[in-house]
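**Student:** Okay, here's what each chain looks like letter by letter:
2 protein chains.
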Amino acid sequence: MTLRETMRQLASRAKESARELGRLSREEKDACLRAMAEALDASRDLIARANAEDMAGAAESGISAAMLDRLRLDDRRIDAMIRGLRDVAGLPDPVGRVLDDRVRPNGLRLRKVAVPIGVIVIIYESRPNVTVDSAGLCFKSGNATILRGGKEARRSSQALVEALVEAGRRTNARFPAHAIQRVETTDRDAIRDLLACTESVDLCIPRGGEGLIRAVSECSRVPVIKHYKGVCHVYVDGEADPAMASEIVLNAKVQRPGVCNAMETLLVDAAIAPAFLPDMARKLAEKSVELRVDDRAAGLLPPDLPRVKPASEEDWHAEYLDLILAVRVVDGVEEAIRHIHRYGSAHSDAIVTRNEDRARQFLAEVDSAAVYWNASTRFTDGGEFGLGAEIGISTDKVGARGPMGLEELTTYKWIGLGTGQVRK
Amino acid sequence: MTLRETMRQLASRAKESARELGRLSREEKDACLRAMAEALDASRDLIARANAEDMAGAAESGISAAMLDRLRLDDRRIDAMIRGLRDVAGLPDPVGRVLDDRVRPNGLRLRKVAVPIGVIVIIYESRPNVTVDSAGLCFKSGNATILRGGKEARRSSQALVEALVEAGRRTNARFPAHAIQRVETTDRDAIRDLLACTESVDLCIPRGGEGLIRAVSECSRVPVIKHYKGVCHVYVDGEADPAMASEIVLNAKVQRPGVCNAMETLLVDAAIAPAFLPDMARKLAEKSVELRVDDRAAGLLPPDLPRVKPASEEDWHAEYLDLILAVRVVDGVEEAIRHIHRYGSAHSDAIVTRNEDRARQFLAEVDSAAVYWNASTRFTDGGEFGLGAEIGISTDKVGARGPMGLEELTTYKWIGLGTGQVRK
Numbered sequence: 000m001t002l003r004e005t006m007r008q009l010a011s012r013a014k015e016s017a018r019e020l021g022r023l024s025r026e027e028k029d030a031c032l033r034a035m036a037e038a039l040d041a042s043r044d045l046i047a048r049a050n051a052e053d054m055a056g057a058a059e060s061g062i063s064a065a066m067l068d069r070l071r072l073d074d075r076r077i078d079a080m081i082r083g084l085r086d087v088a089g090l091p092d093p094v095g096r097v098l099d100d101r102v103r104p105n106g107l108r109l110r111k112v113a114v115p116i117g118v119i120v121i122i123y124e125s126r127p128n129v130t131v132d133s134a135g136l137c138f139k140s141g142n143a144t145i146l147r148g149g150k151e152a153r154r155s156s157q158a159l160v161e162a163l164v165e166a167g168r169r170t171n172a173r174f175p176a177h178a179i180q181r182v183e184t185t186d187r188d189a190i191r192d193l194l195a196c197t198e199s200v201d202l203c204i205p206r207g208g209e210g211l212i213r214a215v216s217e218c219s220r221v222p223v224i225k226h227y228k229g230v231c232h233v234y235v236d237g238e239a240d241p242a243m244a245s246e247i248v249l250n251a252k253v254q255r256p257g258v259c260n261a262m263e264t265l266l267v268d269a270a271i272a273p274a275f276l277p278d279m280a281r282k283l284a285e286k287s288v289e290l291r292v293d294d295r296a297a298g299l300l301p302p303d304l305p306r307v308k309p310a311s312e313e314d315w316h317a318e319y320l321d322l323i324l325a326v327r328v329v330d331g332v333e334e335a336i337r338h339i340h341r342y343g344s345a346h347s348d349a350i351v352t353r354n355e356d357r358a359r360q361f362l363a364e365v366d367s368a369a370v371y372w373n374a375s376t377r378f379t380d381g382g383e384f385g386l387g388a389e390i391g392i393s394t395d396k397v398g399a400r401g402p403m404g405l406e407e408l409t410t411y412k413w414i415g416l417g418t419g420q421v422r423k
Numbered sequence: 000m001t002l003r004e005t006m007r008q009l010a011s012r013a014k015e016s017a018r019e020l021g022r023l024s025r026e027e028k029d030a031c032l033r034a035m036a037e038a039l040d041a042s043r044d045l046i047a048r049a050n051a052e053d054m055a056g057a058a059e060s061g062i063s064a065a066m067l068d069r070l071r072l073d074d075r076r077i078d079a080m081i082r083g084l085r086d087v088a089g090l091p092d093p094v095g096r097v098l099d100d101r102v103r104p105n106g107l108r109l110r111k112v113a114v115p116i117g118v119i120v121i122i123y124e125s126r127p128n129v130t131v132d133s134a135g136l137c138f139k140s141g142n143a144t145i146l147r148g149g150k151e152a153r154r155s156s157q158a159l160v161e162a163l164v165e166a167g168r169r170t171n172a173r174f175p176a177h178a179i180q181r182v183e184t185t186d187r188d189a190i191r192d193l194l195a196c197t198e199s200v201d202l203c204i205p206r207g208g209e210g211l212i213r214a215v216s217e218c219s220r221v222p223v224i225k226h227y228k229g230v231c232h233v234y235v236d237g238e239a240d241p242a243m244a245s246e247i248v249l250n251a252k253v254q255r256p257g258v259c260n261a262m263e264t265l266l267v268d269a270a271i272a273p274a275f276l277p278d279m280a281r282k283l284a285e286k287s288v289e290l291r292v293d294d295r296a297a298g299l300l301p302p303d304l305p306r307v308k309p310a311s312e313e314d315w316h317a318e319y320l321d322l323i324l325a326v327r328v329v330d331g332v333e334e335a336i337r338h339i340h341r342y343g344s345a346h347s348d349a350i351v352t353r354n355e356d357r358a359r360q361f362l363a364e365v366d367s368a369a370v371y372w373n374a375s376t377r378f379t380d381g382g383e384f385g386l387g388a389e390i391g392i393s394t395d396k397v398g399a400r401g402p403m404g405l406e407e408l409t410t411y412k413w414i415g416l417g418t419g420q421v422r423k
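First to last, the sequence lines map onto chains A and B. Be aware that the first sequence starts at 0, since it is given in numbering that gives the first Met the number 0, and climbs by one per residue. Be aware that the second sequence starts at 0, since it is given in numbering that gives the first Met the number 0, and climbs by one per residue.
Isolated chain A (complex conformation) (with noise of 0.2 Å):
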């Protein structure tokens, strides 16, 4: 079989389980969830041994010590994988929620109903847990999973694809056999020709950095929703509250700088720059915040203050994911916006005011998948949102946009019960 014809059945096998799947009730997937949370717990062994060749091969490769982390897995890792399985077990079905309900004139009744989206591709990197987190996600919302991870993580991944399936053919005899699937080949190509499969794959999720999203998108035949960079701000208005927003501020860059909503430029009104720019940087300083400043800044900014440089076009496109901050001094909420519109990723930006007209001019006009008036735009993750597990947060608009949980992985159909309704 070429490559293409190999992904061609892959694709129509996982589109033959998505079908079946359809067919299990909640409680038929919430008890293969439980049995795959308790497979991995008695794998673990095998897992390990896996895991440990996986990361001998990497560091043979010369890979950077980062990724070596992420690949590792370690109990915790394993624990918190299991932590997931349980957890996506106990939320609602996403699938059969009605969400339209109504009856025509001529007594058509007309019911728009949640159903799976069908057959979604996952592409990741090196990180193995995202196996399982996306499997437990896309299974409880009745989709069929096809992944592709990173080729380092390779006996990682089946190792843990194996555990799961078995878990779920021992738990329902329905357990539909294609319903998780690994691309076992590492062939790049791979990935292009799965995508060409608009006849079997309704959706593809990449999970990564810029390069493999932008990647996967250009070689997409189907649709792609996109978790790109979060390039996100936090402007301080001229009538914010300075405690609230130094809190903030600080917040959202150092309390986790290493995550997609994390802020990586602060956006200071110049009506409030001298009053609160000096102190701030010095609460940033004492985190070891490095500062790429613009020279309205820098002119506020005490000479002695340490790790502080000249910010360059670059810096207000960064998402340095690092303890770095561009800062940036700007007259008022309009260029605060303009500024935001022109950099930013659409992920998450902040505000911090009394002001209302400002704070609803920036909510409004900010095109962002979450805007905050005064709070961090560390909320954007659908555990913090009350979602439940999240997929991702995606900055698209077409789909799902924001974090995307168990819902947001589902579309939905119309169904018409009629009496014999034709039309006229």
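Honestly, the hints are just simulated from the structure, not real lab data. Errors might be hidden in some of the hints.
Because identical chains cannot be distinguished in the list, a pair is counted as satisfied if it fits within a single copy or across any two copies.
Stated by the list, open to error - Capping the alpha-carbon separation at 25 Å, the derived lysine-lysine pairs in PhoX-like fashion look like this:
id, residue 1, residue 2
1, K228, K423
2, K228, K14
3, K286, K423
4, K150, K111
Assemble chain B onto chain A, guided by the hints.
**Tutor:** What follows is chain B alone, placed relative to chain A:
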């Protein structure tokens, strides 16, 4: 400017205008729409002249009579466009609907609010009325539109767009200058260049034949919502009420055969076929319907029936849009569902039966935008669903599915209202 630069400018102007559009209230938008309707009425002569030139050019180039007819703008069609704009003005504003509203344990209030998608490109063929219908729906839903119609209709489209934009400007000084734009060049590469503007264009909706939609989907880098063909089925189950089944079959085939929600294949349960099919075939023959039948159906039909041909494999895939019907005898609901999965286009499919279990199975397992129990497939339509005007019927699953009206032209954002909350 190169073509690519021209397209990029068009797109980025649209983006800017989309932001300005968001500042108009419902009343302001509706006033513009009503003024647009009046402007069309006042510009009948201008429009007729432009259309006559298009018609003359098209006739010279030797296009088909059917295409010439689609190109024609007579008073009746102009009336329909005017009525369309007024109807849209009367519909509720889809923007600003609160889709979710929750207060988290930390006091952070999260609201999920419907917002415009942004910039929508509409690509269509020769029917000039698509220009006005699309522009009106997109404007009402707060989206900037870039219209790319067929080159044979370019003078008509230009006259229409000019009338709409002038009316908008006259009515409201804040009417965004580039809320409604046309791609002026007829260069085919313009589509590819425009749909490469991922920074500015949020969505593309191609409207037209399968070839157009496929070409657009293949070249686009921005999300596309497809309105593919409708290979719709009616399955007459063994426990159908024959009189009801007969009425539904006739309606689905002959009431308006040239539209996407008309039935193209009739599936008849073997258990009822001998009793049902001969009479049904005669009724269809009376309406001049040509039948393309499988062997089992052929064996049941009276030999004197006119216009009966054996079906080939292509017939099961065919969207005739004509008085032609493929007919197949199947062994029960399972085989009907398998046939629909294999050959259908996920548009609209119906079962006629008194057996609730079989109906439930059909409704659950047929993976189409609209599924009916004891009703005609012809109901899949924004107006019939009570959704108001529609821009088309999506056969996609991501973004919008089925009739795509004003609400389906919006996305959402999350608005977080805090009092200084930070993440622990």
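**Student:** Each hint needs a verdict: does it hold in this structure or not?
**Tutor:** Against the structure, the hints:
1. K228 with K423: between (52 Å within a copy, 23 Å between copies)
2. K228 with K14: between (31 Å within a copy, 20 Å between copies)
3. K286 with K423: Classified as between: cross-chain Cα gap 16 Å, same-chain 72 Å, threshold 25 Å.
4. K150 with K111: Cα proximity of K150 and K111: none, with 41 Å in one copy and 38 Å across.
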